[in-house]
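Novice: This is what each chain is made of:
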Amino acid sequence: MFEPTIEQSTIRNEVKPAVKLKSKLFKTKSTDLIPPFYLWSGLILLAIFTLAPFVYLFTSSISKTEELLSGHLIPHSPTLENYYKLFTGNGAGEFIAAMKNSVIVSLGTTIFTLFLAIFASYAFSKVKFPFRNSALFTVLAMQLLPSISIIAPLYVMMRNGISITIPFTSFVVFQTPPLLDTVWSLIISYTTFSLPFAIWIMTGYFQTIPKALEEAAIIDGCSRMGTLFRIIVPLAMPGIAATAIFTLLLAWDEFMFASAFTQSFDSKTLPIAIREFIGKHSINWGLMTAGGFIASLPPVLVSVFLYKYIVGGLAGGGVKE
Amino acid sequence: MGRSIGKIVNPRFMGRKQRKDLLFAVVLLLPTFYILFKTFLFPIYQSLVWSMYKYHMLDGSDVVFVGFGNFIALFKNHDFWTATYFTGYFTVISTVAELVLGLFSALLLNQMFRGRVFFRMIIIIPWAMLTLVNGLLWKWIFQPGNGSFTIILKKIHVLSASENPLWLADAHNIINSVVVADVWKMTPFMTLLLLAGLQAIPSSLYEAAMMDGAGFWKKLWYVTIPQLFPILMIAVVLRTIAAFRVYDILTVFTGDPTTSISYLTFNKAFRYFYLGEASAMAWVSTAIILVFIVLYIRLLKKNSHEV
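Going down the list, the protein sequences come from chains A and B. Counting from 1, position 160 in the first sequence corresponds to residue 160 in my numbering; the numbering is continuous, with no gaps. Counting from 1, position 212 in the second sequence corresponds to residue 212 in my numbering; the numbering is continuous, with no gaps.
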C-alpha cells in the first residue's frame with residue numbers, strides 16, 4: 001500500500017556511470033569521435049583556458065607591485081613579498097583570524113551535517129515508512145532553493161538567539177544567546193543548506209548496498225543501529241567522503257550568509273576578508289592575489305587529490321554551488 | 001510521537017513490523033526534520049508572511065499589514081525590472097555557453113588518450129576555487145591598462161599601443177565579464193556531469209553509425225545528443241537554478257545592485273533593512289526557482305521510469 005512510487009533504481013542509476021568509469025578507463029573504445037589532430041588541439045585549448053587564469057593568479061601574487069603596474073605578465077624577479085606582507089604586515093592578524101574562522105566553520109558544518117545525514121539517509125534508504133518518497137523529494141527541492149529565500153528570517157532568528165521549544169507549546173527547552181557575529185550562526189545556517197544535498201547523495205549510496213548483507217548481520221545478532229555502523233557506513237565510505245568534500249567546499253566558499261551575519265573578525269571568514277581587500281580607494285592587486293591564492297589552495301588541493309570521490313558524488317546527484 | 005503519527009495512517013492497516021519500522025524511521029529522522037523545519041521551512045513561510053507587511057527592522061516604525069502592496073510596489077519599480085533583465089540575461093548566456101563548452105570538453109575527455117586522468121583532474125581546478133576569488137581574478141584580468149586582457153590584446157596587435165578601453169565601464173560590459181568568470185568556473189561542473197552521461201552510451205550505437213558512414217557531426221547529432229538528452233536537460237536545469245541566484249561575483253565587480261535580483265534583495269534587506277519589501281522580492285525569486293525545481297524533479301522521475 002505504501003510502496004514507493006518510484007523504484008529505488010532512481011538514484012542507483014545516477015550512481016552507475018561513476019562505477020563504470022573505472023572499467024572503461026583502460027579500454028580502447030569505438031566511441032572515439034574526434035580525430036587525433038582535433039583532439040589534441042582541443043585539449044591544448046582546454047588546458048590553456050583552464051590553467052592560464054589560475055597561473056596568472058599565482059604569478060601576480062609573486063610579482064612586485066611596480067611590475068604589476070607596468071604590465072608584466074610574467075614576473076622578472078619573483079618575490080614572496082606579498083605573502084610576507086599578508087602574514088606579518090598590517091591586517092595580518094585579521095587575515096589569520098579569518099583563516100581560523102573558515103576552518104572552524106567548514107569543519108563544524110561538515111561534522112554536524114554528516115552526523116545528522118547518516119541517520120536520515122539510513123531511514124530513507126533502508127526503512128519503509130509512509131510518504132518516504134514525498135519526503136525525499138521535498139528534501140531534494142530544498143537543496144535547490146536559493147539562500148536568498150530564507151536569509152532575512154534567519155538573520156532575525158540569529159539576532160534574537162535560537163530558542164528550542166516543544167512543538168505546539170510555548171515551553172522553551174533551551175535558549176541560546178544572540179548568535180550574530182559568531183561562528184555558530186554560520187555553522188547552523190550552512191548545516192541547514194548542506195543537509196538536504198548530503199541526505200540526497202548518501203541515500204543514493206546507501207541504496208546500492210545489498211539487503212542480503214544487512215540481513216546476514218541481523219541474523220548474526222546485530223541490532224539495526226549496529227548494521228548501520230558495522231555494515232552500511234563502512235561500505236558507503238566513498239559516498240560519505242564525497243558528501244564531506246562537497247560540504248567542506250560549500251562552507252569554505254559561502255559568501256552571502258557570511259556577509260550578512262558577520263561584523264567583526266570574531267566570525268568573518270576568508271571570502272569576507274578577501275572581499276575587504278577591495279579598499280575604499282584602490283586595490284592592492286599583489287596582496288589581493290596572494291590572499292586569493294592562499295584561500296583557494298585548500299579547496300583546489302582537496303578537489304584534485306580526492307578527484308574520484310567528487311566525480312562519483314557529482315554522478316550521484318551532488319550539487320555544489 | 002510514534003502513536004500520533006501512526007494515527008494519520010490508521011494503525012489498523014499496519015502490521016507490527018510496519019509500526020516498528022515507522023517508529024524507527026521517526027527516531028532516525030526527528031533531529032533532521034526538526035532542524036530543517038526550524039531553519040528552512042519555517043523561515044520560508046515566515047518570509048511569505050513578512051512580504052505582506054511593511055516591516056522595517058531598525059527605524060522602530062510599526063509593522064503594518066499591506067496585503068500585496070509590497071509586490072505591487074515591486075512590479076512598478078524600475079530597478080526591479082532592470083535587475084530581472086540582467087539576471088535573465090546572465091542566466092541564459094552563461095548556461096548556454098557552459099552547455100556548449102561543457103559538451104565539447106566532455107567529448108574530448110571521453111576519448112582514449114595518454115594523460116587523460118591528468119586532463120580530467122586539471123579541469124576541476126576552476127570549479128574548486130573560491131567564487132569570490134574567481135570574481136576578483138577576472139576583475140584583475142579585465143583591469144584597464146595593466147590587466148592581462150588588455151596586455152595580451154596589445155601583444156597580438158588587436159589593440160594599438162595607445163588604446164586603453166575600459167572593459168568594465170557600463171552594466172552590460174560588467175555582466176558580460178561576469179559571464180566569462182562564471183563560464184570559466186562552472187564549465188567543469190557541466191563537463192563532469194556530461195562525461196558521466198557519455199560513458200553510459202553503448203558503443204554499439206557508434207559502431208552502427210560508423211557502418212552507415214556517419215562523420216563527427218552526424219554521430220554527434222544522431223547518436224550522442226539524443227542519448228545524452230536526459231542528462232543534458234538535467235544539467236541545464238541545474239545550472240539555470242544556480243545561475244539565477246548570482247550574487248558573490250557581482251559584488252566584486254560592481255556596487256550597482258540592479259545587476260541581479262539576489263543583489264537587489266540582499267541590499268534591500270541588509271543595507272536598508274526593509275524586510276517586508278525584501279521578503280516580497282525574495283519570494284519572487286523563490287517562486288521562479290520553484291518552477292524549475294518542479295521541472296527538475298519531473299525530469300528525474302521520467303528518467304528513472306524510462307531506464
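Some hints could be false.
[Stated by the list, open to error] Pairs of lysine-lysine, DSS-like flavour, derived with a Cα cap of 30 Å:
| # | chain 1 | residue 1 | chain 2 | residue 2 |
| --- | --- | --- | --- | --- |
| 1 | A | Lys308 | B | Lys301 |
| 2 | B | Lys54 | B | Lys20 |
| 3 | B | Lys302 | B | Lys219 |
| 4 | A | Lys128 | A | Lys85 |
| 5 | A | Lys211 | B | Lys302 |
| 6 | B | Lys154 | B | Lys219 |
| 7 | B | Lys219 | A | Lys308 |
| 8 | B | Lys20 | B | Lys38 |
| 9 | B | Lys20 | A | Lys211 |
| 10 | B | Lys301 | B | Lys17 |
| 11 | B | Lys17 | A | Lys64 |
| 12 | A | Lys128 | B | Lys20 |
| 13 | A | Lys100 | A | Lys308 |
| 14 | B | Lys302 | B | Lys218 |
| 15 | A | Lys211 | B | Lys54 |
| 16 | B | Lys155 | A | Lys64 |
| 17 | B | Lys154 | A | Lys128 |
| 18 | A | Lys85 | A | Lys100 |
| 19 | A | Lys128 | B | Lys17 |
| 20 | B | Lys154 | A | Lys211 |
| 21 | B | Lys38 | A | Lys128 |
| 22 | A | Lys85 | A | Lys211 |
| 23 | A | Lys308 | B | Lys155 |
| 24 | B | Lys301 | A | Lys128 |
| 25 | B | Lys38 | B | Lys301 |
| 26 | A | Lys128 | A | Lys211 |
| 27 | B | Lys38 | B | Lys54 |
| 28 | A | Lys85 | A | Lys64 |
| 29 | A | Lys100 | B | Lys218 |
Source of the hints: derived by calculation from the structure; they are not laboratory data.
Novice: Would you mind marking each hint as holding or not holding in the structure?
Specialist: Structure-based check of all given hints:
{"no.": "1", "hint": "A:Lys308 to B:Lys301", "result": "holds, 27 Å"}
{"no.": "2", "hint": "B:Lys54 to B:Lys20", "result": "violated, 49 Å"}
{"no.": "3", "hint": "B:Lys302 to B:Lys219", "result": "holds, 25 Å"}
{"no.": "4", "hint": "A:Lys128 to A:Lys85", "result": "violated, 59 Å"}
{"no.": "5", "hint": "A:Lys211 to B:Lys302", "result": "holds, 26 Å"}
{"no.": "6", "hint": "B:Lys154 to B:Lys219", "result": "violated, 40 Å"}
{"no.": "7", "hint": "B:Lys219 to A:Lys308", "result": "holds, 29 Å"}
{"no.": "8", "hint": "B:Lys20 to B:Lys38", "result": "holds, 27 Å"}
{"no.": "9", "hint": "B:Lys20 to A:Lys211", "result": "holds, 18 Å"}
{"no.": "10", "hint": "B:Lys301 to B:Lys17", "result": "holds, 29 Å"}
{"no.": "11", "hint": "B:Lys17 to A:Lys64", "result": "violated, 72 Å"}
{"no.": "12", "hint": "A:Lys128 to B:Lys20", "result": "holds, 10 Å"}
{"no.": "13", "hint": "A:Lys100 to A:Lys308", "result": "holds, 28 Å"}
{"no.": "14", "hint": "B:Lys302 to B:Lys218", "result": "holds, 27 Å"}
{"no.": "15", "hint": "A:Lys211 to B:Lys54", "result": "violated, 55 Å"}
{"no.": "16", "hint": "B:Lys155 to A:Lys64", "result": "holds, 21 Å"}
{"no.": "17", "hint": "B:Lys154 to A:Lys128", "result": "violated, 66 Å"}
{"no.": "18", "hint": "A:Lys85 to A:Lys100", "result": "holds, 18 Å"}
{"no.": "19", "hint": "A:Lys128 to B:Lys17", "result": "holds, 10 Å"}
{"no.": "20", "hint": "B:Lys154 to A:Lys211", "result": "violated, 65 Å"}
{"no.": "21", "hint": "B:Lys38 to A:Lys128", "result": "holds, 25 Å"}
{"no.": "22", "hint": "A:Lys85 to A:Lys211", "result": "violated, 58 Å"}
{"no.": "23", "hint": "A:Lys308 to B:Lys155", "result": "violated, 40 Å"}
{"no.": "24", "hint": "B:Lys301 to A:Lys128", "result": "holds, 20 Å"}
{"no.": "25", "hint": "B:Lys38 to B:Lys301", "result": "holds, 28 Å"}
{"no.": "26", "hint": "A:Lys128 to A:Lys211", "result": "holds, 13 Å"}
{"no.": "27", "hint": "B:Lys38 to B:Lys54", "result": "holds, 24 Å"}
{"no.": "28", "hint": "A:Lys85 to A:Lys64", "result": "holds, 12 Å"}
{"no.": "29", "hint": "A:Lys100 to B:Lys218", "result": "violated, 54 Å"}
Violated hints for the displayed structure, listed by number in ascending order: 2, 4, 6, 11, 15, 17, 20, 22, 23 and 29.
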